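Visitor: Here's the letter readout for the chains.
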Amino acid sequence: MSLIGANFRRDIEIHRYPLLVYALVPLAALVVQAWLPRILGQYAYFDLPLVVTIYFALGRRSPIQGTLMGAALGLFEDALSHLAIGLNGIAKSVAGYLAASVGARIDVENHTIRVALTFLLSLLSGAIYLFVSRFLLGLEFEWNWFSELFKAVGNSVIVLFLFPMLDRLQIRD
Amino acid sequence: MESFFVRYRNHVVLLTILAAQLIGLGAQVRHSRAGRNSLDPSDSSGVRLIRYWAESMVSPPERLIHGAKVGAENLWSGYLDLRHVRQQNLELEQTVGRLRLEQAALLEDARQGQRLQALLGFQQRYIYSTVAAQVFGTSGSDQSRVFYIDKGSDNGLSRDMAVVTADGIVGKVRDVFPHNAQVLAVNDQTSGAGVLLETTRIRGILRGNASGQLEMVGVLSDERIKPGEKVVTAGGDLVFPRGLPVGVVSKVASDPDNSAYIDVMVKPAAHLDRLDEVLVITSMQPRFSDQEKKDLATSETLDGAQAAAMEEQIQEQQKAAQITAERLPGLTVPNLPPDQQPINDGSPPNPISPQPPQPLHADEFSPIPGDKVVPGVSDDGAASPAQAAARKKIAAPGNAAESAARKPNATVPPAGRPAANAQTQPAGQPAPRRNP
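Going down the list, the sequences are from chains A and B. Read in order, the letters of the first sequence are residues 1 to 173 in our numbering. Read in order, the letters of the second sequence are residues 1001 to 1436 in our numbering.
Keep in mind the hints are simulated off the structure, nothing from the lab. It should be emphasised that the depicted structure is a prediction, and the values quoted were computed from it without experimental measurement. Any given hint might turn out to be false.
What the hints assert, rightly or not - Here are some, though not all, of the chain A residues that point toward chain B, as calculated from beta-carbon distances under 7 Å: (1) Gly41; (2) Leu83; (3) Ala84; (4) Gly89; (5) Leu137; (6) Pro164; (7) Met165.
Even glycine gets a Cβ: it sits at the ideal position worked out from N, Cα and C.
One chain only, chain A, in its complex shape (with noise of 0.2 Å):
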């Protein structure tokens, strides 16, 4: 019994990281997403932000703050591009409100458990996006879910090597 309220504590321990850290993540995750597919082209199939916004909202289990941080990405994300602003940043504040509220619920230290959830809040912050621009505003515009997956697949590929990378960022005691 001790032993599963160690793990459990373990479990719901919140992960704490330096002030710059939050501030510098995101903002190299919004630059390096922006400068990237210049790089790469039409194969950039990655969302670092979300990746970002996921991994903070694991790590705090805070669904408020996991809620903040994925709007403000989205809004620069949707700043950036020529579109709404907004479309992004709802998408976002969803994912990040259930990875924040899902990680206080499962073990997020698991990297089969971060890469599945993570592959499943690209599906459904693109699905989010899609309802909100096209059902909710009644934006007309094609849409690719080939693009969509593809999309996903990379970004659970990233987790297996940045969230590695992030975890010894944070403050130990």
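Following the hints, put chain B in place on chain A, whose structure we already have.
Guide: Showing chain B alone in chain A's frame:
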């Protein structure tokens, strides 16, 4: 009440943020009369401010990374990999000299073409001023195919300017900041450009699809459209000048929404995924640099020398024609001024002469009944009154020598004596006509 917010604060925060963003989105969407919703192409001041903040935060580190990459590339290509540079420099100098001459000739042609088109009432637009810019970033989203360039309003850029490369069109300037600008690529779904097929001259609208491929929509089904045909700008969208390369037709497919139309897939001429340097067309008014003006003057001088040589040749030909005309009998009369020469007479060649009235008492000069009068020929055989007057002058005693000189077998009598075969009929009196 307080316990409700404390208990459900996560949900309340989420719903509040979602509601705020939805309201903001609703303010950015415009409802058209046709019942369609679309994004407002011109951002409001609030939206523009948010874009400016985001651009100000992301662009500096992005430019830093881009600068580091370019610096590393330049270090390699400029200092470490300098083989064959001297030989290449010599070849390039020769090429530049040749191209300058060609450019001068082309400028002259362009000016001449403009003058002719102005006469014809066309409004052809030419590229005269461009700004070179480097691409340093994108939007990061495949839903928004925009990229950022390192030139802005400080460099004379403004909205809706065309962006091209040497290969073909790339996009148009959408948002302009002081030092940067956002360019909407032609393969974005919201983009649009008027294009036409080079051979068949079929027009259509170019835009991108969800996969970032170019397609030409609004084209009626036509069997003449084949893969490989070139696509150029039509010039009617007031953004891109006419005749710029767009790409080639890669595939022709029927439109799933309307069977009467087809979708023409276009392979872009410019590498839209790997853009490094682009040109922004800032002006279509004629502005020549000092070097261009100098080259143009040289070209005009050369053209002037050619024109002078050609004019001299024409004058020689005219002189030869004049000599030939003078030697031909009956075409010119030396004593008459040029405007009264028979050859320049404007009267009809065969005027219809009225029938003479029947005489009361016929004499030797009366026309014989039944004898046909040839229209346009007077009694002395002249075709017109001017010719008759000229012949009378020739027949006058003073002109007998000249008249005799025109006859091959005539001999010129001494002054004061009429020639043997010269007509000595008094002026103004017709020659007597003998009755048969």
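Visitor: Please go over all the hints and tell whether each is borne out by the structure.
Guide: Against the structure, the hints come out as follows:
1. A least Cβ separation of about 3 Å between Gly41(A) and chain B falls short of the 7 Å threshold, and the interface hint therefore holds.
2. At its closest, the beta carbon of Leu83(A) sits 5 Å from a beta carbon of chain B; the interface hint therefore holds under the 7 Å criterion.
3. About 4 Å separates the beta-carbon of Ala84(A) from the nearest beta-carbon of chain B, less than 7 Å, and the hint is met.
4. This hint holds: Gly89(A) has a C-beta 5 Å from the nearest C-beta of chain B, less than the 7 Å allowed.
5. Checking Leu137(A) against chain B: minimum C-beta separation of about 5 Å stays under 7 Å; hint holds.
6. For Pro164(A), the interface hint is violated, since its Cβ never comes within 7 Å of a Cβ in chain B; the closest pair sits about 24 Å apart.
7. Using the Cβ-Cβ criterion of 7 Å, the hint placing Met165(A) at the interface with chain B is not satisfied: the shortest such distance is roughly 19 Å.
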